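Protein chains in written order, with my numbering: chain G, 1 to 91; chain D, 1001 to 1512.
No wet-lab data here; the hints were simulated from the structure.
Computed from a prediction, not measured in an experiment: that's the story for all the values here.
Just so you have them, the derived chain D footprint on chain G, three or more residues with Cβ under 8 angstroms:
1) 23–35
2) 78–89
Cut-off 20 angstroms, straight-line C-alpha distance, at most; resulting in silico cross-link-like pairs (SDA-like, lysine to any residue):
3) D:Lys1116 - D:Glu1065
4) G:Lys77 - D:Arg1392
5) D:Lys1374 - G:Ala67
6) D:Lys1374 - G:Glu68
7) D:Lys1374 - G:Asn66
8) D:Lys1365 - D:Ala1170
9) D:Lys1365 - D:Pro1375
For each residue, glycine too, the CB sits at the ideal point set by N, CA and C.
Listed below, chain by chain, are the residues.
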Amino acid sequence: MPERAASERTSERTIRVQYYALLREQAGRSDETLTTAALNPRELYVELQARYPFTLPPEMLRVAINAEFGEWSQALKAGDAVVFIPPVAGG
Amino acid sequence: MNAFRFSTVGLDTAALQREMRDESCGGFASFEGWVRNHNEGHAVTRLEYEAYAELAEKEGARIVEEARTRFGVTRAACVHRVGSLALGDVAVWVGVSAAHRDEAFRACRFIIDEVKHRVPIWKKEHYVNGDSGWVNCERCALPAAHTHEHTHEPHHHVETPTPDYSRQIALREVGVEGQARLRSASVLVVGAGGLGVPVLQYLAGAGVGRLGIIDADRLEPSNLHRQTWYALAECGQEKSSLAATRVRALNPEVRVESHALRLDAHNAERLCAGHDLILDCSDNFATKFLLNDLALRTGKPVLFASVYQYEGQLQLVRGDNATACLRCVWPEATRDGLVGNCAEAGVLGPVPGVFGSLQALEALKLLLGLPGLKPDEMLIFDLITLNTQRLRARRAPGCDAHRRATSSASAAAPPDLELQFGSLAEAQADGFAFVDVRDSREREAEPLPGESLHLPMSKLLTDAGNLDLAGRYLLICATGKRSSAAAALLRSHGFADCRSLRGGLKSLKASA
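This is chain D alone, in the form it adopts within the complex:
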C-alpha cells in the first residue's frame, strides 16, 4: 500500500493497524484526528475535505519516508479522508510500528505535524446556522509543532528545512543530472574514524542516496582530536551508530545503515553487495587487503586511504585485471603491527581530516564521472613539507591476488534461480530449507506445512537474518515474484545455493 493516501470512505482503523504489524516491532503508536463539533466559536455540524491529490500524495509519501529514516521506524503510514465527514468521523489516521516505543511515538507525532503543515488539504466547515466556509489551508495555518513547540504566535511560521543542493548543482559539471546520479548512488564506508568522519560528512551533505557504515569500535576519548564529529559524552557508544545518527541529522534524505562489526572473509561479500563504491577508511592492513581481494573478485571499485603521522596515501583499485591493486604495490609481507597505525605512531588530527576529505572528493568525482586519481597511481601527500606526488603503479605480472581472482571468476556458473516443484515435500526431499518471504499476515492466513524460516521482504532488503551462506534455501512467496527477487538479492550477497519457487504457492495449488 502507499505510505500516504487519501480515502473517500470511512477509515477502518483496525484494518489499518493490522498493516502495521511486524514481528520485529515491539511498539505501535497511532494518532487519529476526529471531526469535532466546534471551531473558533462556531458550532460545526459536518466537514468537507478537499485535497490537491497529485501534489498531496507525493508530499505525504515524502513525509512518511522522512519519518522512517529520521526515527528508524519499521513501518509507517498515514491515511487522510477526503469528501464529506460527519461529527466524530476519523479525518486522519497515522500509524507507526517500531522496535521501541520512543521512536514510534516520535515518528507518529512528526508525521501528523508535518502532514498538517505541508500537505495541501482544505476543509469546508458547515455550521449549525446553515452557513459554511472554507477554512484556511492547514499547511499555512499550522506551523509544525516539533519545529517550535507550544507557540501560539499566529504569524511566526517555521518551515522544516529541506536539503538544498543548489550550491553544487550550480557547478556545470554537476547540474541536476549529476545530483540525480549522486542520489541514486550507494557507497559503503568501512571505518567511521578519522578518515570516515569527513567522508561521511561530505557524502551525506552531497546527497549520496545511500550510505553503509561499518565500524566495530566504540568511541574513545583519544579518538576525539581527529574525529571531531563526535562528543566526549558519547564515549563508550558504538561509532557506527553514532555516525549513522549524525548522517540522518545532517541529511534525512540519505538512507543509512550501520553495522557494528568488523569486516571479515565471511561477511565482506554480503556487506559490500548492493553498493556501487567502497571507501576504505580503516586503520589496518587486514581490512585493506580483504577489500582489495573483494574488489578483484567482484569488480567493485575500492578507494583506499591511509595516514601516518603527518602524511598519507590514496589509491584507487578498480578491481579489473589490467590495473594495479594493493597487492601489486605492496609486498605480501605487509602486516599489521610492523609499520604502525595512529595509536602506535601518533597522528595530528587534521591529517586524516585532509585525507578523508580527499577521499570524499575523489568518491564524488568518481560518481559524477569527473577526472581524478587514476587506477594506476598512488597519491602521496606529505603534510609537513606540503609536497604531493603521484607515483605511477603498474599491474604486477606476478600478482597473486589478480591470479586468484581470475581463476575463481571462471569457476562454476550460478545454478538456475527458479525451480519448479509439484509439492513442497518434493523440494524438501531435494534438501531445501524453506524461507517464507511473505509478510506476517499472509503467513498467518496461509501457513506453510512443516518448518520454514520467516524472512519477510521488508526485512530481507537490509538483513539476511540467520541464513547460512552455505545453506540450500528455497524462497517462497504467493506468486514467485517476490521470492525470485529475494533469491537474486541473496545470490548477490554470496548465498550461492538460493532458489525461488517458480510461480509461488499459487503454482502448487494449481498442480495439486
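Excised from the complex, chain G in its bound form:
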C-alpha cells in the first residue's frame, strides 16, 4: 500500500557514520553518509555488521552521537553524526 511505503520511507534517515581504529580497518573507510531505518546505534551497528567484517561486539566499543559518548539504545534522528570507536592502547 502506498501509505505504508511512505511511512517506511519517512522512518529512514540520513546519518553520518565515522569509524575508528580496528573498525576503520575492517570497514575500509573512515566515514560515510548512509540512509538507514535503524532506530538506535545498536540496530545501526547490526546493520553494518552485515556489510563489513566487524569482529568486535558492541560491548567492546563505545558509540558517540553528535560528539558525545552515548548509549546503544539512544534514539537516532536524521542528520546525527555517529562515531563507533574501540579503545586503543598503542604507545
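On the provided structure of chain G, position chain D as indicated by the hints.
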C-alpha cells in the same frame, strides 16, 4: 654541609674524605690543588685567595649539583681556601664518591674544571723578590678543560652552555613565574617508547624540575622508526636508562630518575608518590587501568594517550568524583590483545610522535594553568583524514572504579606519625622493626642495640630499599627530625605502618 664552601683555615682532607663515605659507593676520587713555588717564571713564596663569597658559593654549589646529576654520583663536594696560604698548602679540594670509579673520576674532573672556570676567585701571588701581584681571575684565564681539552690558545674560550628558557619565558602566559612553576614541578612518565620519547624531550627541554621514567623494556631495532631519540647501536639496553641519559644530556638541570620495571599493583603507589602529574605513555590496557584507579584513589591527575595505526586518543583523568575516568568511558571488558597495539596492528612513526607531542603540550599547559583538554572529554585525532573530534565523556553513575575509590578513601585514618618510647626494647616489644635513617658516620659513632635496617636519608629520598609495604617500622635518627620526615615520606609511598621515634635517640638518653 654545603656542597661548595670556602675555608679560611687549612683543609683537613682526611675529615673531608670521611664526609664522602657512603655504603652504596664503590669508588672515591679526589683532587687537591696545591700552592706551588713558581708561576710563569716567577718564584712564588706565598699566595692570597679572595673570593666574592656570595656569588661564588652559589655558583660553586650549582657546579657540584650539576656534576651530581650529570654523572649520577652519590656524593660530591668542593672546598676552596681563602686568605693567606703557604707553599704546599691545599688551595682547593674536590671529593666525589660514586657506585663506580668512572663517574667518580669524571665528576671530580668536571667540578675542578668548572670551579676554575666559573667561580669568581682571585689570587695574589707574593714573589721572592718582594713583589706581589693579583693574578687574573681564574674564570677568565682558564677555559674549562672538558669543553675543549688540551688547548693552549689563550683567547679561544668556550663557555659551558647553560639551559636558556628565554624563548618560552617570552610568552606572556609563561614568563618568569611560569618557568618557576615548571622548575618546581615533578612529572612521572610511564613508558619511554613512541609516546614517551617526545614527551620526555619536550618536558626536559622546557625545564620541568623533576622527571621520573618507568619502562621495563629494552630497546629493539623495530622500535626505532618511531622512537628516533635512540640509536641502533643501543639495542638491547634498558630504555629507561637510555632515556634518562638523554634527558640529562639535553638538560642537566632536570633531576631525573629511571626505573627499569613494569608498573604493578604493588609498586604503583610508591612510584607515583611525589609526582604532581602522571603521563601514561604505555602501550597496554593493564597499565592504563592501573594508573586510572590510582588517579581515583590519590586524586593525582593522569593524562592518557594511546595510538593505533594512524590515529590516537587523548584523555585527562582528574581523579575526582565528579569527572569521567577511563572506566567511565571504556567497558570493563577492555583487555589487552583484543584490539591490538603497535606490534600487532602496526603504526606509522610520526603518529605516536604527534600524540606524544600533544601530551607534552597538554602537560605543560596543565602545569602552567593554561586552558586545554577538559577532564570530561576525549580528543580523537585521525591522522589519515586529519579530522579531530572532542567527544564529551561524562562521569558514569555506575562506574565501579569511582565506587571503589570513594569507599576505600573513607577507610581507616592514618595512625599517628610519631611515637614516644622509654627504650628501644619497648618499641621492639610493640612489634616494630628499626630503620636507622642516620648516615654511616653517625651510625658507627653510636650504633643501635640489636638489629636494625640502615637506610640513610640520602638514599631514602629516592628509594625505599628493601622495606616491605606491609611492614611495621620505627624510623630512628638522632633527634627525631629526619626520622619524622622519612616516616611521612614513606607513608606517602604507601608504607602505612611507619612511625618515627619522637625526639630520636636523644630522647632515650634523656629518659634513661
